[in-house]
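Peer 1: Based on these hints, arrange chain Z on the given structure of chain A.
2 protein chains.
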Amino acid sequence: MKSVLMIGQSNMAGRGFINEVPMICNERIQMLRNGKWQMMTEPINYDRPISGVSLAGSFAAMWCMENKEEQIGLIPCAEGGSSIDDWSIEKILFKNAIIQAKFAMQNSNLIAILWHQGENDSYNGNYKTYYEKLHTIFEALKNELNLDDVPFIIGGLGDYLGKIGFGFNCTEYDLVNKELLRYANDHNHVYLVTAQGLSANPDGIHLNAVSQRKFGVRYYYAYKNKKNVITPLKNEEKLLESCINIPYTQNEMKYLAMMDLTMGKCSYEEFITKMKNL
Amino acid sequence: MKSVLMIGQSNMAGRGFINEVPMICNERIQMLRNGKWQMMTEPINYDRPISGVSLAGSFAAMWCMENKEEQIGLIPCAEGGSSIDDWSIEKILFKNAIIQAKFAMQNSNLIAILWHQGENDSYNGNYKTYYEKLHTIFEALKNELNLDDVPFIIGGLGDYLGKIGFGFNCTEYDLVNKELLRYANDHNHVYLVTAQGLSANPDGIHLNAVSQRKFGVRYYYAYKNKKNVITPLKNEEKLLESCINIPYTQNEMKYLAMMDLTMGKCSYEEFITKMKNL
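If you read the sequences in order, they're chains A and Z. Each residue of the first sequence is one higher than the one before, counting from 1 in the UniProt record's numbering. Each residue of the second sequence is one higher than the one before, counting from 1 in the UniProt record's numbering.
Since the hints were derived computationally from the structure, they do not count as laboratory data. It cannot be assumed that every hint is accurate.
What the hints assert, rightly or not - As a list, the in silico BS3-like pairs of lysine-lysine whose alpha-carbon atoms are at most 25 angstroms apart:
no.: 1; chain 1: A; residue 1: K254; chain 2: Z; residue 2: K163
no.: 2; chain 1: A; residue 1: K163; chain 2: A; residue 2: K178
no.: 3; chain 1: A; residue 1: K178; chain 2: A; residue 2: K226
no.: 4; chain 1: A; residue 1: K36; chain 2: Z; residue 2: K133
no.: 5; chain 1: Z; residue 1: K95; chain 2: A; residue 2: K2
no.: 6; chain 1: A; residue 1: K95; chain 2: Z; residue 2: K102
no.: 7; chain 1: A; residue 1: K265; chain 2: Z; residue 2: K163
no.: 8; chain 1: Z; residue 1: K142; chain 2: A; residue 2: K36
no.: 9; chain 1: Z; residue 1: K102; chain 2: Z; residue 2: K91
no.: 10; chain 1: A; residue 1: K163; chain 2: Z; residue 2: K276
no.: 11; chain 1: A; residue 1: K91; chain 2: Z; residue 2: K36
no.: 12; chain 1: Z; residue 1: K238; chain 2: Z; residue 2: K227
Only chain A is shown next, with the shape it has when bound in the complex (with noise of 0.2 angstroms):
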């Protein structure tokens, strides 16, 4: 089994709305909870009651289809509103991602961590130190976690921000952007995603369900083909499909028939019924 560590602030946890794409429902993927696999179903990286659609879905998704038979573990580790100083290697977020990695790499092998952050620090002159403070946590990860080259996938902060809602004081994202992009040049197997095109929720800071669906497709590109995407895919709406809408298998069916259950969607005899024909 293969594992992706998720760390970052709300746009990695992320924030679109479940019902705004088509559900993720591939038993190739899981998640870690109480420091143990499950299947996953979004939301993935639950840090607060607003927690929603991620792109760790939809860049899981594109690795199931092109790595048939294989499954891909998320860790999610990602905090709402963390600044970079909140993830220094001292303090909590740091630590609990290195614990709740530990526990997934007991039985799976670690293939990539994804970042994504910097709303945070989109303001007075923060950026400065941003190169320096990444470059501190991503060797303590490596460090820490005994990683020689796994890839670490860093994302672009969206054009929405500094003009409304809760992002209007993110001025800086563009020199954040400048920092991220400097960095991935830099280092070996680094790698920046664009956020160019990709748009926000009402409140002016959060990816919406599709974008972030975007998203991940390209981080998936960065992974895959070991460099900067620093333009949207021409066929990212295609590649969706193709990864996303896909028959489900029986255990899919058994899994969200009983969630159904569960939920109280249905009643008993009715989950009988469809347990039996399936």
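Peer 2: Relative to chain A, chain Z alone:
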């Protein structure tokens, strides 16, 4: 700040349907996520996408009513479907609970451990070894967390078990209940809480939301009075009314307004108007 550890299986995690009971919104109730505290919103123990209302919400609301000005933090570590063997002290669930409790205890005083587990041991004669296994777990918890006389509040299994749905096979639930009572009677600081009169969701195994709320009140009474609660309390509904149905503070109204915006239930302009009027 005080804190409370939640361990066990799905009825500790909570599967009550959120929309069936009044919301608990109380800024003095916190929950642990990514090793850090945040204001509580149900589901507290997000072990599964189907997680919902648990007994911990009303336990904490009762505690707040009787401990003015103080804060209580909930540490969610319960795992759906886990057997007593899954909690043995060399396994992941136990290790995770220790890690989470240690994060919490960096800035809180652990005042109680809430346990509810046993559906998954209500068949095949598993009750015969339950007492010893539970003892090993509790002793190890006390030892690892350096706890002296912290109370363990342990809940009985529902009388609806052994009849229908996913509860059909739990035919020996009453024998597990006897072991739980015997364990409580044999040990200082361990108190049993009856599930008598509580009822289940359509799946026949999970306590419904109303029952979870009542169960939490009973757990609180066992904690407060330091004795078993072996029959339902007479005034459970009134107690729930008085600990939950209280006017929101300004912080709570802000929290709810921000949640509405972030979930797309209002526009940024409506949000600003709301905030101005608070």
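Peer 1: Going straight from one Cα to the other, do K142(Z) and K36(A) come out at no more than 25 angstroms?
Peer 2: Answer holds: K142(Z) to K36(A) is near 23 angstroms, not above 25 angstroms.
Peer 1: Is K265(A) close enough to K163(Z), meaning Cα to Cα at most 25 angstroms?
Peer 2: Measuring from Cα to Cα gives roughly 20 angstroms; hence the hint holds.
Peer 1: Could you grab the alpha-carbon distance between K36(A) and K133(Z) and see if it respects the 25 angstroms cut-off?
Peer 2: holds, 21 angstroms
Peer 1: Does the alpha-carbon distance linking K91(A) and K36(Z) stay inside the 25 angstroms limit?
Peer 2: With Cα atoms ~10 angstroms apart, K91(A) and K36(Z) stay inside 25 angstroms; holds.
Peer 1: Run the distance test for K238(Z) versus K227(Z): straight-line Cα separation, threshold 25 angstroms.
Peer 2: With Cα atoms ~21 angstroms apart, K238(Z) and K227(Z) stay inside 25 angstroms; holds.
Peer 1: Quick one, are K178(A) and K226(A) close enough, alpha carbons at most 25 angstroms?
Peer 2: At roughly 19 angstroms apart (the allowed maximum being 25 angstroms), K226(A) and K178(A) satisfy the hint.
Peer 1: Hinted pair, alpha-carbon criterion (25 angstroms max): K95(Z), K2(A). Please report holds or violated.
Peer 2: holds, 22 angstroms
Peer 1: Need the status of pair K95(A), K102(Z): alpha-carbon distance at most 25 angstroms?
Peer 2: Judged against 25 angstroms, a Cα distance of about 12 angstroms means the pair holds.
Peer 1: Between K163(A) and K178(A), does the CA-CA distance stay at or below 25 angstroms?
Peer 2: Holds. K163(A) to K178(A) sits at ~19 angstroms (cutoff 25 angstroms).
Peer 1: Is K163(A) within 25 angstroms of K276(Z), Cα to Cα?
Peer 2: Measuring from Cα to Cα gives roughly 20 angstroms; hence the hint holds.
Peer 1: Run the distance test for K102(Z) versus K91(Z): straight-line Cα separation, threshold 25 angstroms.
Peer 2: Measuring from Cα to Cα gives roughly 17 angstroms; hence the hint holds.
Peer 1: Is the hinted pair K254(A) and K163(Z) satisfied, with a Cα-Cα distance of at most 25 angstroms?
Peer 2: holds, 22 angstroms
Figure legend: structure checked against the earlier numbered hints; every hint is met.
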